[in-house]
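Asks: The whole structure should be built from the sequences, with the hints applied where relevant.
Residue numbers (my numbering), protein chains in the order written: chain A, 1 to 301; chain B, 1001 to 1301.
Since the hints were made in silico from the structure, they are not lab data.
Among these hints, one or two may not hold up.
As the list claims (entries may be wrong) - Listed next, the in silico DSSO-like pairs over lysine-lysine satisfying Cα-Cα at most 27 Å (straight line):
{"#": "1", "chain 1": "B", "residue 1": "1186", "chain 2": "A", "residue 2": "214"}
{"#": "2", "chain 1": "B", "residue 1": "1295", "chain 2": "B", "residue 2": "1285"}
{"#": "3", "chain 1": "B", "residue 1": "1213", "chain 2": "B", "residue 2": "1186"}
{"#": "4", "chain 1": "A", "residue 1": "160", "chain 2": "A", "residue 2": "77"}
{"#": "5", "chain 1": "A", "residue 1": "186", "chain 2": "A", "residue 2": "214"}
{"#": "6", "chain 1": "A", "residue 1": "295", "chain 2": "B", "residue 2": "1186"}
{"#": "7", "chain 1": "A", "residue 1": "299", "chain 2": "B", "residue 2": "1213"}
{"#": "8", "chain 1": "A", "residue 1": "295", "chain 2": "B", "residue 2": "1299"}
{"#": "9", "chain 1": "B", "residue 1": "1299", "chain 2": "A", "residue 2": "285"}
{"#": "10", "chain 1": "A", "residue 1": "285", "chain 2": "B", "residue 2": "1186"}
{"#": "11", "chain 1": "B", "residue 1": "1295", "chain 2": "A", "residue 2": "213"}
{"#": "12", "chain 1": "B", "residue 1": "1160", "chain 2": "B", "residue 2": "1214"}
{"#": "13", "chain 1": "A", "residue 1": "186", "chain 2": "B", "residue 2": "1295"}
{"#": "14", "chain 1": "B", "residue 1": "1295", "chain 2": "A", "residue 2": "295"}
{"#": "15", "chain 1": "B", "residue 1": "1213", "chain 2": "B", "residue 2": "1160"}
{"#": "16", "chain 1": "B", "residue 1": "1299", "chain 2": "A", "residue 2": "213"}
{"#": "17", "chain 1": "A", "residue 1": "295", "chain 2": "B", "residue 2": "1213"}
{"#": "18", "chain 1": "B", "residue 1": "1299", "chain 2": "A", "residue 2": "214"}
{"#": "19", "chain 1": "B", "residue 1": "1299", "chain 2": "B", "residue 2": "1213"}
{"#": "20", "chain 1": "A", "residue 1": "213", "chain 2": "A", "residue 2": "186"}
{"#": "21", "chain 1": "B", "residue 1": "1160", "chain 2": "B", "residue 2": "1186"}
{"#": "22", "chain 1": "A", "residue 1": "155", "chain 2": "A", "residue 2": "186"}
{"#": "23", "chain 1": "A", "residue 1": "285", "chain 2": "A", "residue 2": "213"}
{"#": "24", "chain 1": "A", "residue 1": "299", "chain 2": "B", "residue 2": "1186"}
{"#": "25", "chain 1": "A", "residue 1": "214", "chain 2": "B", "residue 2": "1214"}
{"#": "26", "chain 1": "B", "residue 1": "1186", "chain 2": "B", "residue 2": "1214"}
{"#": "27", "chain 1": "A", "residue 1": "299", "chain 2": "B", "residue 2": "1285"}
{"#": "28", "chain 1": "B", "residue 1": "1155", "chain 2": "B", "residue 2": "1131"}
{"#": "29", "chain 1": "B", "residue 1": "1285", "chain 2": "B", "residue 2": "1214"}
{"#": "30", "chain 1": "A", "residue 1": "285", "chain 2": "B", "residue 2": "1214"}
{"#": "31", "chain 1": "A", "residue 1": "160", "chain 2": "A", "residue 2": "131"}
{"#": "32", "chain 1": "A", "residue 1": "186", "chain 2": "B", "residue 2": "1299"}
{"#": "33", "chain 1": "A", "residue 1": "299", "chain 2": "B", "residue 2": "1155"}
{"#": "34", "chain 1": "B", "residue 1": "1214", "chain 2": "A", "residue 2": "295"}
{"#": "35", "chain 1": "A", "residue 1": "186", "chain 2": "B", "residue 2": "1285"}
{"#": "36", "chain 1": "A", "residue 1": "299", "chain 2": "B", "residue 2": "1295"}
{"#": "37", "chain 1": "B", "residue 1": "1214", "chain 2": "A", "residue 2": "299"}
{"#": "38", "chain 1": "A", "residue 1": "131", "chain 2": "A", "residue 2": "155"}
This is what each chain is made of:
Protein chains: 2
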Amino acid sequence: MSLLGVGTLAFDTIYTPLECRERVIGGSATYFAYAASFFGPVRLVGMVGNDWPEEHFELFRNHGIDTSGVLRELDRKSYFWCGRYDRDLEDRDTLEIQINGFDQFDPVVPQSYMDSQWVFLAAAAPSVQLKTLAQCRSTQLVVADTVDMWIETEKADLLKLLQNIDGLLINASEARQLTQHNNLVKAGRAILELGPDFVILKKGEHGCLLFEKKDVSAIPGYPTDAVVDPTGAGDSFAGGMMGYLANSGDSGHRALRNAIAYGAVVASFTISGFGLDGLIPIDRKAIDSRLVQFKQMLKID
Amino acid sequence: MSLLGVGTLAFDTIYTPLECRERVIGGSATYFAYAASFFGPVRLVGMVGNDWPEEHFELFRNHGIDTSGVLRELDRKSYFWCGRYDRDLEDRDTLEIQINGFDQFDPVVPQSYMDSQWVFLAAAAPSVQLKTLAQCRSTQLVVADTVDMWIETEKADLLKLLQNIDGLLINASEARQLTQHNNLVKAGRAILELGPDFVILKKGEHGCLLFEKKDVSAIPGYPTDAVVDPTGAGDSFAGGMMGYLANSGDSGHRALRNAIAYGAVVASFTISGFGLDGLIPIDRKAIDSRLVQFKQMLKID
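Replies: See below:
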């Protein structure tokens, strides 16, 4: 049942059409870990700079997140991203990135984490994802995410990674980029051929497609008008999904379907606020209650 | 159980990234009527020119479509549309339209159709849709479609139409245009406020959102890699939906949910070929069988 998440911890400055928020807590590992920790304990591997406040660690620890795998680099600042969303909150432009040396980050999985059975590798250089994975010795299910940059610059390593993971999370445009198929069903199936047992093709507010060796299925996004900031939707989807799977100890077809429904529900809370503002006020009960409602609205006689 | 469809009958020349097909059978009423007629008889109102071949009428009649309401204008050619799809088969540009006077078409509902209980008004000038509707005297459920042009040029009549119909079909960008809400859930709810009992917000391959007074629900598109030509997807969705509703005699929440699932399934057949090529080879059994599969893939424990 031990779940490990590896990714970035960052500060984000976010412009939406209605509001700008400066230096909110962000990063793939932040969203993943907080979302997953509604379902059970989470182990976190990442790196922060000298500007990362202790209260952010406390927030994690108070929510069942083990932060002993987070490295604190005292000679630099944390990763910083600044972006602006379009009017539909669908696309975004990056206005500024301060990498602060985190591109050379080689995650170290502490001895105490090496027996982690459930592993999520947030988007990073595939060579780094592979090195991280090599440190995990008891994996039952490994899921990774990737982004356009790595498809462009590290495709060979990405293909190697795909041979070594169970599931891939990827968004629609990246699936097209990776496979050269414009049709998303063809793209998803083509990625399956590259190695993983399942592929989750993310389509933002339109939900996702789930590809397994024998099945393709779909789930809509949870329909909500409470959308403040979409940042972190994908990583908290991953958190909800992996948290549910690790907690259930099952990764079969039915469990995966349930897991993506949980992922969609948790993401719907995430986007209702900036940073973790949408997740901090809720509890597992609120998630379960929205899941019941979501299932109800998906039901066809 | 009497179902009436009113719209255009046309020839389409369609460019997709892989193929071009000239002057295939098209038009909103064509797709609607053929799709709906898998579920029961359909009455058709429309207009064609002197170039409309008799075999197209035979095709309709052999599929349970009453064409006695189709006017044949001997002094002009049929409506013609030519368009080109982008590489993802998502967006399209209109390259040519030959209206041939059909903008002045005032549909005449024959005496024998006036008792139609289930009515679909495909996209047309809202003033024309209202005039058509005024000729129907026994309506149980009226659903209309609209497009961007009418929101821009005949908004007052469109708002009047919305007060006189039960359901509206509208695509995502048009819902935003009509309501000035970028969030689709807000947009759908705002349209409900304008009059109809339900709104179906179409999102192409991403499925649709269904808004009712007390509910919002969602359904994904049927995931398929057999996409040849998306033309007619929306109108055959409407046909599958209305055909199912008229045939069941029910338009409550559960029936609507089933109906949009049928709509999605029928549309998935439509887009597998040009014109009616995707629908002509199939029968109701093929639709039911894909619906079972679709329900299965939507199921969450």
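Asks: Next, verify each hint and record whether it holds.
Replies: Checked hints:
Pair hint residue 1186 (chain B) plus residue 214 (chain A) does not hold up; C-alpha atoms about 37 Å apart against a cutoff of 27 Å. Of the pairs offered as hints, the one joining residue 1295 (chain B) and residue 1285 (chain B) holds, with about 15 Å between alpha carbons and a cut-off of 27 Å not exceeded. Of the pairs offered as hints, the one joining residue 1213 (chain B) and residue 1186 (chain B) holds, with about 13 Å between alpha carbons and a cut-off of 27 Å not exceeded. For a cut-off of 27 Å, the pair hint linking residue 160 (chain A) to residue 77 (chain A) is broken: about 32 Å separates their Cα positions.
In summary, the hint linking residue 186 (chain A) to residue 214 (chain A) is supported, as the alpha carbons are separated by about 14 Å, within the 27 Å threshold. Pair hint residue 295 (chain A) plus residue 1186 (chain B) holds up; C-alpha atoms about 21 Å apart against a cutoff of 27 Å. Between residue 299 (chain A) and residue 1213 (chain B), the direct Cα distance comes to roughly 18 Å. Compliance with the 27 Å bound is thereby established for this hinted pair. Only pairs whose Cα atoms come within 27 Å are accepted, and residue 295 (chain A) paired with residue 1299 (chain B) is accepted, the gap being roughly 8 Å.
With a C-alpha separation of about 22 Å, the suggested pairing of residue 1299 (chain B) with residue 285 (chain A) holds against the 27 Å cut-off. Under the criterion of a C-alpha separation no larger than 27 Å, the hint pairing residue 285 (chain A) with residue 1186 (chain B) is consistent with the structure, at around 26 Å. As the CA atoms of residue 1295 (chain B) and residue 213 (chain A) are separated by approximately 19 Å, the hinted pair is consistent with the 27 Å bound. The straight-line distance between the Cα atoms of residue 1160 (chain B) and residue 1214 (chain B) is roughly 23 Å, inside the 27 Å bound, and the hint therefore holds.
Taking the CA atoms of residue 186 (chain A) and residue 1295 (chain B), the gap is about 21 Å. The hint holds against a cut of 27 Å. A hinted pair counts as satisfied when its Cα atoms are at most 27 Å apart, and residue 1295 (chain B) with residue 295 (chain A) qualifies at roughly 13 Å. Of the supplied pair hints, the one linking residue 1213 (chain B) and residue 1160 (chain B) holds, its CA atoms being roughly 19 Å apart against a limit of 27 Å. A hinted pair counts as satisfied when its Cα atoms are at most 27 Å apart, and residue 1299 (chain B) with residue 213 (chain A) qualifies at roughly 18 Å.
Between residue 295 (chain A) and residue 1213 (chain B), the direct Cα distance comes to roughly 19 Å. Compliance with the 27 Å bound is thereby established for this hinted pair. Between residue 1299 (chain B) and residue 214 (chain A) the alpha-carbon distance is near 16 Å, which keeps this suggested pair within the 27 Å criterion. For the proposed pair residue 1299 (chain B) and residue 1213 (chain B), the alpha carbon gap of about 25 Å is at most 27 Å, so the pair holds. For a cut-off of 27 Å, the pair hint linking residue 213 (chain A) to residue 186 (chain A) stands: about 13 Å separates their Cα positions.
For the hint linking residue 1160 (chain B) to residue 1186 (chain B), the alpha-carbon distance of about 21 Å falls within 27 Å, and the restraint holds. For the given pair, residue 155 (chain A) sits about 19 Å from residue 186 (chain A) by alpha-carbon distance, which is consistent with the 27 Å threshold. A C-alpha spacing of about 33 Å is found between residue 285 (chain A) and residue 213 (chain A), which places the hinted pair above 27 Å, so the restraint is violated. A C-alpha spacing of about 22 Å is found between residue 299 (chain A) and residue 1186 (chain B), which places the hinted pair at or below 27 Å, so the restraint holds.
Of the supplied pair hints, the one linking residue 214 (chain A) and residue 1214 (chain B) is violated, its CA atoms being roughly 37 Å apart against a limit of 27 Å. With a C-alpha separation of about 14 Å, the suggested pairing of residue 1186 (chain B) with residue 1214 (chain B) holds against the 27 Å cut-off. At most 27 Å may separate the alpha-carbon atoms for a hinted pair to count; residue 299 (chain A) and residue 1285 (chain B) meet this at roughly 22 Å. Between the alpha carbons of residue 1155 (chain B) and residue 1131 (chain B) the distance comes to roughly 16 Å, so the proposed pair stays at or under 27 Å and holds.
Among the hinted pairs, residue 1285 (chain B) with residue 1214 (chain B) is inconsistent with the structure: their alpha-carbon atoms are about 33 Å apart, more than 27 Å. At most 27 Å may separate the alpha-carbon atoms for a hinted pair to count; residue 285 (chain A) and residue 1214 (chain B) meet this at roughly 23 Å. Taking the CA atoms of residue 160 (chain A) and residue 131 (chain A), the gap is near 12 Å; set against the 27 Å cutoff, the hint holds. Of the supplied pair hints, the one linking residue 186 (chain A) and residue 1299 (chain B) holds, its CA atoms being roughly 22 Å apart against a limit of 27 Å.
For the given pair, residue 299 (chain A) sits about 35 Å from residue 1155 (chain B) by alpha-carbon distance, which is inconsistent with the 27 Å threshold. With a CA separation close to 16 Å, the supplied pair residue 1214 (chain B) and residue 295 (chain A) stays within the 27 Å bound. Annotation: proposed proximity of residue 186 (chain A) to residue 1285 (chain B) holds, straight-line Cα distance about 26 Å (limit 27 Å). At most 27 Å may separate the alpha-carbon atoms for a hinted pair to count; residue 299 (chain A) and residue 1295 (chain B) meet this at roughly 8 Å.
Straight-line distance between C-alpha atoms of residue 1214 (chain B) and residue 299 (chain A) comes to about 16 Å, which keeps the hinted pair within the 27 Å bound. Straight-line distance between C-alpha atoms of residue 131 (chain A) and residue 155 (chain A) comes to about 16 Å, which keeps the hinted pair within the 27 Å bound.
Against the hints set out earlier in the document, violations occur for numbers 1, 4, 23, 25, 29 and 33.
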